[in-house]
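Participant: Here are the chains, one letter per residue:
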Amino acid sequence: MKNFTTALFILFAFVIVLGSGCKLKNPVEGFSVTAKADFVTAPSTFKIFDISKNGYNDALEGLNIEITGKDAAVVYNSGARKLFSINNGMINLCLRRGTIATSADPLEFNIEVKADGYLPLIYPIKLKSIEPIHETLYLTNTKELPAGSDKTKGNTVTDSSGTTTVIKIISLPATEQKAEKATIEIPAGVKMTDKNGTLISGNIDIDILHFTASTGASIKSFGKQSDNTILDKNGSTLDETIIIPAGWLNISMYGDGKSVKDFSKPIKATIEIPSNQFNPLTGTNYKPGDLIDILSQDKGTKNWVSETQATISREATTNKLIVEFEVLHLSTWLAGSMKNRCGSLIIPLSASFTQGMANGTPIQASFMVKYFRNMLSTDLLFEIPITQSFFYDNTNQNIVVNYEGALPVEISNGQLSAIVNGSSVSQTFSSSTRATNTCEIKITLGSILSSSTFTGNFRARCISGSTDYATLPNGSTVYYIKETDYQSNSKPANSSILWSNFSANAATASVNWNTVSLPKVNFSTSTEYRFSINYENKRYDYLYTMPATIPDEIIVELEIPCN
Amino acid sequence: MRRLYFLILLTIVLPKLGQTKILHSQDSLFVPSKKSTSIGILGTTNGFGLQLAKQIGNKNKFAIKLSGTHYLYNINNQIVTIDGKNIYFYGNTLVGIKLKVNGKIKLGSVNMAFDYHPFANAFKISSGLALLFSQLNFIATPRDSLKQGEISIGPEEQGNIYYGLKTQLVCPYLGIGIGRAVPKKRVGFNFEIGTYYIGAPQLSFRTTGMLEPTSVEERKLKDNLRNYRLLPILTFTLNVRISK
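Same order as they appear, the protein sequences are chains G and S.
In terms of our numbering, the first sequence has 1236 at position 510, counting the first letter as 1, and numbering is strictly consecutive.
In terms of our numbering, the second sequence has 1126 at position 154, counting the first letter as 1, and numbering is strictly consecutive.
These are computed hints drawn from the structure, not numbers from a lab.
Honestly, I wouldn't trust all of these hints.
[To be verified] No farther apart than 20 Å at their CA atoms in a straight line, the calculated lysine to any residue pairs in the SDA-like style are these: (1) G:Lys-751 <-> S:Glu-1189; (2) G:Lys-1208 <-> G:Thr-1271; (3) G:Lys-751 <-> S:Val-1188; (4) G:Lys-751 <-> S:Leu-1038; (5) S:Lys-1192 <-> G:Ser-758; (6) S:Lys-1026 <-> S:Leu-1038; (7) G:Lys-796 <-> G:Asp-831.
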């Protein structure tokens, strides 16, 4: 018995191992780990645009650029490397995986482009979310300046103590290229020093670029303004402020192998203001007595510093508007107006459009935002098509378009559409008043353009009995559904919500037609519809194919047995 | 993973529970007298615990056992190499990713079983039911950084693989062994080999972050476990008879 017991035990174990153990797989057999390769995200593109060529200059191809600023560390190229260059006329930038940007903690960095023959460009980027952006960088070709700008060279001499001994006036006259003139006047007795405070003596070469606001091309040279790039004299940021330039001078002086940075006493600059330059602070063109802001920007920085204000006057000899201001150090000096930046434009909706529209109704809007050189100019700088979905806010009765900037803008070629009570309503508009001092654009929307309708004629033809037609009672419910929906939903009963319906009007005794007006938007062309009625407790269906163009009238003839 | 592999060895067919009819007290074979009781300590492959046993009848052929076991095993920073498997990463195929595994193996059960000594000797057949609480949960994280270009993504940014495995709650048990649950002498030793029928193991598998594409492996893992329906168990018991 003992042997038998042992044998049984061994047999039991044997069955366990062989009977099923051999069928088992390693639990991780064939298991592999796959990792996503998204080391970078938000691939953004920046087109390079040579203002003078009105397009891309192939000579810039392959040029290396720099990314600077507080968050430059998270910016990579699409290959997750720190090598940035212009390829196919574009700069492609990405952000490191896991980067976060919010309105409260935006991501900030700069694209710096330094190309021979071009003004250095510092293009600020501020991201409030990790979304790809696609923008254009405008480069100013110094060998071929854009219309509305000009350049000149001059020189002066300082003595062994680094002091000018004569008055030197350098002018950039009005030309066909540039309608406004500019002048700098270096008085005698000015000591010139470099950034380290070292006196510069001997011959001083002077380069001046003058940009006016009289052309869109010239204004593009001004570059992009970010909402934190304007400082007061104490270095504090002037938030939500933007500059609308009237003209600016880019002044450089070199001597003894050094760049002049500071003067012991100011030199004088005079620039003409375009005759039609709009003063955004007064709402009219600049005129004598208007105050204008004077700002400076050091080379190699993106920040503008508000230096002072100057008063516009009229030059007696030319009868042109001019502004004179003192230049205390070398950099770019600008005359223009600072104003609050619009973060968005508010477009009020007219009551006629919103009548019957429930709060939260989705509104489709498409329009063009046009940016102009100034309030009165027809010189279009940028044009941005916008297609967005909004939700109707019946408290404020408006839609809000997010946009940044304070250049005069208008909205045109617009269309708003919504579905109200099952019907499509839409409005179009051609243009708005220019946005200037406010961030609100008024648009005259006009009246509701209800979608057009077609007439549906319904009758019941008798397939038995003594009469040709049966008259449907007034108010009979006629149901319809797309045939494809009918088939794909297992042929639902016509009481199902998948069907639409309407009430047929009373038929006239003479023609036996029940008629109804139906909105065209509810039907698709070249599509088969199933119409259905319930007559004397029986259902009758009719298939109708809507033609390629929805006609103004259709005939639906249901066949029913009659007595 | 290998621990799991060793844990879940397939063994045996379902027990025929109809045998339990022998427990009916009105059965003329058994006279409810001279019943003895024992307590014991258990060491099993499903944890450690205590057992209470009572002899049924006076022919030393039957006994009923109630036992409970528990054991918790922590997995701390175990490095697992996915040997010979492909790691697809940015168009390259790497082999042998190392995963750092942290988790717990919780073993435990409450068992009620009947011992039958068909030959009136120490050999026994044991059958019963268990509430099985055993489960395994771990998080696997890549041990090393991944690098693309000039970006290095640390393990903490790569994501995790969450793996969980448990059995059905109520599991039949069948086993054979040597020794009596209620020893003839004061102290007795038992050895038993058996298996629970655990049904198809319930797998939970989830991946996060950059490892999300690995979630497609769930089907493969489930397929691998498809035949793991029996959980074998070895039991050693030291019993002390506490009454006659």
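Participant: Hint by hint, say whether it matches the structure.
Facilitator: Okay, the hints, checked on the actual structure:
1. Taking the CA atoms of Lys-751 (chain G) and Glu-1189 (chain S), the gap is near 15 Å; set against the 20 Å cutoff, the hint holds.
2. Annotation: proposed proximity of Lys-1208 (chain G) to Thr-1271 (chain G) holds, straight-line Cα distance about 10 Å (limit 20 Å).
3. With a CA separation close to 18 Å, the supplied pair Lys-751 (chain G) and Val-1188 (chain S) stays within the 20 Å bound.
4. A threshold of 20 Å between alpha carbons decides the hint, and for Lys-751 (chain G) with Leu-1038 (chain S) the separation of about 34 Å lies outside it, so the pair is violated.
5. Of the supplied pair hints, the one linking Lys-1192 (chain S) and Ser-758 (chain G) holds, its CA atoms being roughly 10 Å apart against a limit of 20 Å.
6. This hinted pair checks out: Lys-1026 (chain S) and Leu-1038 (chain S) have alpha carbons roughly 9 Å apart, not beyond 20 Å.
7. Under the criterion of a C-alpha separation no larger than 20 Å, the hint pairing Lys-796 (chain G) with Asp-831 (chain G) is consistent with the structure, at around 12 Å.
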